[in-house]
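Colleague: Going line by line, the protein sequences match chains A and V. Quick note on our numbering: the first sequence kicks off at 1 and runs consecutively. Quick note on our numbering: the second sequence kicks off at 1001 and runs consecutively.
Heads up, some of the hints might be wrong.
[Said to hold, decoys possible] Here are the computed distance ranges between Cβ atoms for each label pair:
#1 V:G1015 with A:K103: 34 to 42 Å
#2 V:C1014 with A:D70: 37 to 45 Å
#3 A:V57 with V:A1031: 36 to 44 Å
#4 A:T64 with V:E1019: 17 to 25 Å
#5 V:L1027 with A:V126: 22 to 30 Å
#6 A:D36 with V:G1015: 40 to 48 Å
[To be verified] Away from chain V, derived, C-beta distances all over 10 Å, residues of chain A:
#7 W46
#8 S84
#9 E101
#10 L104
Think of the hints as simulated: they come from the structure by calculation, not from any bench. Cβ atoms here follow ideal geometry from the backbone N, Cα and C, with glycine treated the same way.
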Amino acid sequence: MAAGLPTEGTNAQRPRAADVARKDAPTCGLKERLGDVRDRVRARGWDSAVVVNEERVVLGLLRTKELDKDPVQLIEQAMRPGPSTFRPYVAIDEIAHFMVEHKLENAPITTSDGRLVGLLLQGDAVSPPPEAS
Amino acid sequence: MSEPAGTMEKCSRCGRSIELCACCDELDCGAPICYACLNAALGQAMPQPHAHGG
């Protein structure tokens, strides 16, 4: 479960973070320019991006506030470093409670070794799409 | 174990002093929670019987 692999059994019907997280969330590297990343991210209709290394290990996060910083900055200067992450097996209703209480617009879902599984949006956590269950 | 210097918040569940909320990474969180309590609440880790882990 911690590696985000499929599960089976009666409890497997309960939606989990990995089922709902957006696997197509935009990613970027540390040495890219914020303005370039912002243009690319917003052109795809997103307002956040996950900063990863070559092995897709999460290094940071760019939410709306960070994307609005000076466009000439490098990602490593602008990002929110070491963001809180959640494991793929956590039940979605439990994460939703924390995301609402702490006003998190999104949260990275990672394996136990830090690799990105997807980006969980608060709206998806609160009202999971039917195909997630 | 002594508390770290310059702590700003207390965990709303266990009262441990923390610098930032482990969930939202914010200083002015309304319901700050420590890393241990967050992970225990989400089933990402087992709760420790005592704060010192013994």
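Colleague: Hints first: check each against the structure and report whether it holds.
Modeller: Hints, one by one, checked against the model:
1. V:G1015 with A:K103: 34 to 42 Å: With Cβ atoms ~23 Å apart, the hint is violated.
2. V:C1014 with A:D70: 37 to 45 Å: holds, 39 Å
3. A:V57 with V:A1031: 36 to 44 Å: Since the Cβ atoms of V57 (chain A) and A1031 (chain V) sit about 29 Å apart, the hinted range of 36 to 44 Å is violated.
4. A:T64 with V:E1019: 17 to 25 Å: holds, 24 Å
5. V:L1027 with A:V126: 22 to 30 Å: holds, 25 Å
6. A:D36 with V:G1015: 40 to 48 Å: Since D36 (chain A) and G1015 (chain V) have Cβ atoms about 45 Å apart, the given range 40 to 48 Å holds.
7. W46: holds, 20 Å
8. S84: The assertion about S84 (chain A) is violated, with a minimum of 6 Å to chain V.
9. E101: violated, 6 Å
10. L104: Not fine: 6 Å to the nearest Cβ puts L104 (chain A) too close to chain V.
Of the numbered hints stated above, those contradicted by the structure are hints 1, 3, 8, 9 and 10, listed in ascending order.
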